[in-house]
Amino acid sequence: MKHSGPEERRERGFYTLGLGLSVVLTVASFASVMTGILPSAWVIPALVVLALAQIVVQLRYFLHIDFTHQKREDLQLLLFTVLLLAIMAFGTLWVMADLGDRMM
Amino acid sequence: MSDQQTNMHPGLNLGYVGGGKHEESKVFGFWVFLMSDLVTFGLVFAIFGTMRNATAGGPGAHEVTELRSIAIQTGLLLLSSFAFSWASLAMKYEAGRWRFLIWFSVAATSGLGFLIFELLDFHHLIEIGAVPQRSGYLSAFWSLVGLHGLHVAGGLLWIGVLTLQILKFGLTDTIKSRITRLGLYWHFLDIVWIGIFSLVFLAGVA
Numbered sequence: 053m054k055h056s057g058p059e060e061r062r063e064r065g066f067y068t069l070g071l072g073l074s075v076v077l078t079v080a081s082f083a084s085v086m087t088g089i090l091p092s093a094w095v096i097p098a099l100v101v102l103a104l105a106q107i108v109v110q111l112r113y114f115l116h117i118d119f120t121h122q123k124r125e126d127l128q129l130l131l132f133t134v135l136l137l138a139i140m141a142f143g144t145l146w147v148m149a150d151l152g153d154r155m156m
Numbered sequence: 034m035s036d037q038q039t040n041m042h043p044g045l046n047l048g049y050v051g052g053g054k055h056e057e058s059k060v061f062g063f064w065v066f067l068m069s070d071l072v073t074f075g076l077v078f079a080i081f082g083t084m085r086n087a088t089a090g091g092p093g094a095h096e097v098t099e100l101r102s103i104a105i106q107t108g109l110l111l112l113s114s115f116a117f118s119w120a121s122l123a124m125k126y127e128a129g130r131w132r133f134l135i136w137f138s139v140a141a142t143s144g145l146g147f148l149i150f151e152l153l154d155f156h157h158l159i160e161i162g163a164v165p166q167r168s169g170y171l172s173a174f175w176s177l178v179g180l181h182g183l184h185v186a187g188g189l190l191w192i193g194v195l196t197l198q199i200l201k202f203g204l205t206d207t208i209k210s211r212i213t214r215l216g217l218y219w220h221f222l223d224i225v226w227i228g229i230f231s232l233v234f235l236a237g238v239a
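From first to last, the protein sequence lines stand for chains A and B.
In terms of our numbering, the first sequence opens at residue 53 and continues consecutively.
In terms of our numbering, the second sequence opens at residue 34 and continues consecutively.
I should point out that these hints are in silico values taken from the structure, not numbers from a laboratory.
Virtual Cβ for every residue (Gly too), placed ideally from N, Cα, C.
A hint or two may mislead.
[Unchecked claim] Covered stretches of chain A (in silico footprint by chain B; criterion: 3 or more residues with CB under 8 Å from a CB of chain B, positions within the stretch not fixed):
1. 57-67
2. 70-80
3. 85-99
4. 107-117
5. 143-151
Using the sequences and the accompanying hints, generate a full structural model.
Here it is as structure tokens:
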């Protein structure tokens, strides 16, 4: 077994930082629901923000998506997919909620 | 050879793999598959969103959510994703197949643990009558959580097959390229789980 070089230690530190941030965000999500420290109207927005933050953290630290030039194609693919998905998912929620209101 | 120059795709540096450009395009192709899978998950999320109040007098979010079990599942899947990245590093820095397999099996074991806790939860749901045909909410719930669980089960099968290949052939370039794609898939499943535990379970009982 070879000794780990500085490059390997740097990458390990990078992944560990990603894990640490993910753990902090996960604990914050569970705490916001289980402890009741937030006003109830704020819990859902807080959950959405914490989930989005953790998704960005994991994309950055575990899947290495960032703004360096070589990886831009993957970032563009991801962003385009998210755009299509946002149109379809938001459209579904909007249409169905509107239909639900009119059926009342 | 610096990391920045050779990393043409996210995740692992494949600069050392013989195939070069060809392997890069395989990884990019796998990203296209993952993004199509993301659309599938996203639309099942949207259906769940339209069904979140359609409980028809049956069990709702408070009855189906066992927060302690969800917390354990979240921890196990995060650990699994992290262990996979250390396995990837062992592969990248030529640490030998045994150190790779140790981390690979940590990833597999915690993934299996996730699935066991999920199946126990499903078993409990069936016991209290929260079956998919009970209400629109439960149909959407089982579709979404079950779809993710099936992906994890498929990933475990994939890990098993690759482990056998590694034991038989060693860490050859072809197998390294397969491990890279499995890694993308495995990290992707953890990202989908963030959406599920936040929006289905935590937001359900908030």
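Verification of the hints:
1. 57-67: Answer holds; 6 residues pass the 8 Å Cβ test.
2. 70-80: With 5 residues close enough to chain B, the hint holds.
3. 85-99: Satisfied; 6 residues make the cut.
4. 107-117: Answer holds; 7 residues pass the 8 Å Cβ test.
5. 143-151: holds (count 4)
The structure is consistent with each of the numbered hints, conforming to all of them.
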